[in-house]
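Asker: Put chain B on the given structure of chain A with help from the hints.
Take a look at the letters that make up each chain.
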Amino acid sequence: SQELEQSPQSLIVQEGKNLTINCTSSKTLYGLYWYKQKYGEGLIFLMMLQKGGEEKSHEKITAKLDEKKQQSSLHITASQPSHAGIYLCGADRGGDYKLSFGAGTTVTVRA
Amino acid sequence: GAVVSQHPSRVICKSGTSVKIECRSLDFQATTMFWYRQFPKQSLMLMATSNEGSKATYEQGVEKDKFLINHASLTLSTLTVTSAHPEDSSFYICSASRRGPSYGYTFGSGTRLTVV
Chain A
395 SQELEQSPQS
405 LIVQEGKNLT
415 INCTSSKTLY
425 GLYWYKQKYG
435 EGLIFLMMLQ
445 KGGEEKSHEK
455 ITAKLDEKKQ
465 QSSLHITASQ
475 PSHAGIYLCG
485 ADRGGDYKLS
495 FGAGTTVTVR
505 A
Chain B
4 GAVVSQHPSR
14 VICKSGTSVK
24 IECRSLDFQA
34 TTMFWYRQFP
44 KQSLMLMATS
54 NEGSKATYEQ
64 GVEKDKFLIN
74 HASLTLSTLT
84 VTSAHPEDSS
94 FYICSASRRG
104 PSYGYTFGSG
114 TRLTVV
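Chains A and B are the protein sequences, given in the same order.
Numbering-wise (the working numbering), the first sequence opens with residue 395 and increments by one.
Numbering-wise (the working numbering), the second sequence opens with residue 4 and increments by one.
Okay, chain A solo, but in the shape it has when bound (with noise of 0.2 Å):
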């Protein structure tokens, strides 16, 4: 069974609009990170969040971890087609270090 829920599993958003991504655990965290994937390429990392009440940002993208370490959210600010593909949620569950996905987000800009 999925222990990482991600929603939405999809979404379009036009280009220049914001979106948001959740990831949520009945469990506590130990590390939660957010990669970005092109169908049938590697992953790339885009930020991890350990401590409760975490934010980071890169560019366009905000990351968010909440103080119960039980949910995040990605969130972009004025898409780009670049911006499209698959967002991953992975989390350190356990405290044994192997990271565990969500099913991932299919984000698609349109023009």
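Calculated directly from the structure, the hints in this document are not laboratory data.
Check the hints yourself; a few may be wrong.
[Said to hold, decoys possible] Some but not every residue of chain A turned toward chain B, in silico, with C-beta under 10 Å:
#, residue
1, Tyr427
2, Tyr429
3, Gln431
4, Gly436
5, Leu437
6, Glu461
7, Gln465
8, Gly484
9, Asp490
10, Phe495
11, Gly496
12, Ala497
13, Ala505
Everything numeric in this text was worked out from a predicted model, so none of it was measured.
For glycine and all other residues, C-beta sits at the position ideal for the given N, C-alpha and C.
Answerer: Quick look at chain B alone, frame taken from chain A:
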């Protein structure tokens, strides 16, 4: 930054043959490497974890004799799919880590295996 090279990127093999996939950390020593499998439009499923110089730890449901993992050095791990069958066709991807979460995980570019 940390770079992981995975080879080959694509491979087609006949049923019953074995295929080896290599995962190399190019500019760092990876104490731990992970192997994942990804089915079309699905997420990554962890298959096994390998530490340099020790036996790999397999996830529940993964056949050890089917998927042989060797982590002979701090920069190289290999996954061998033995006696491959069409149902083994998938996207395999490795990840390498120097240590725990503080150092993160770097992923290879993946290998598309097709068994005919």
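Asker: If a hint holds in the structure, say so; if it doesn't, say that too.
Answerer: Taking the hints in turn, this is what the structure says about them:
1. The restraint placing Tyr427/A at the interface with chain B holds, with a minimum CB-CB distance near 7 Å, inside the 10 Å limit.
2. For Tyr429/A, the shortest C-beta to C-beta distance to chain B is roughly 7 Å, which falls under 10 Å, so the interface hint holds.
3. The criterion of a C-beta within 10 Å of any C-beta in chain B is met by Gln431/A, whose closest approach is roughly 9 Å, and the hint holds.
4. Taken as an interface hint, Gly436/A checks out: its beta carbon lies about 4 Å from the nearest beta carbon of chain B, inside 10 Å.
5. At a threshold of 10 Å, the smallest CB-CB gap from Leu437/A to chain B is about 4 Å, leaving the interface hint in force.
6. Checking Glu461/A against chain B: minimum C-beta separation of about 18 Å lies over 10 Å; hint violated.
7. This hint is violated: Gln465/A has a C-beta 18 Å from the nearest C-beta of chain B, more than the 10 Å allowed.
8. This hint holds: Gly484/A has a C-beta 8 Å from the nearest C-beta of chain B, less than the 10 Å allowed.
9. Interface restraint check for Asp490/A: the shortest CB-CB distance to chain B comes to about 8 Å, inside 10 Å, so the restraint holds.
10. For Phe495/A, the shortest C-beta to C-beta distance to chain B is roughly 5 Å, which falls under 10 Å, so the interface hint holds.
11. This hint holds: Gly496/A has a C-beta 6 Å from the nearest C-beta of chain B, less than the 10 Å allowed.
12. For the restraint placing Ala497/A at the interface with chain B, the shortest Cβ-Cβ distance is roughly 5 Å, inside the 10 Å limit, so the hint holds.
13. The beta carbon of Ala505/A comes no nearer than 24 Å to any beta carbon in chain B, farther than 10 Å, and the hint placing it at the interface is violated.
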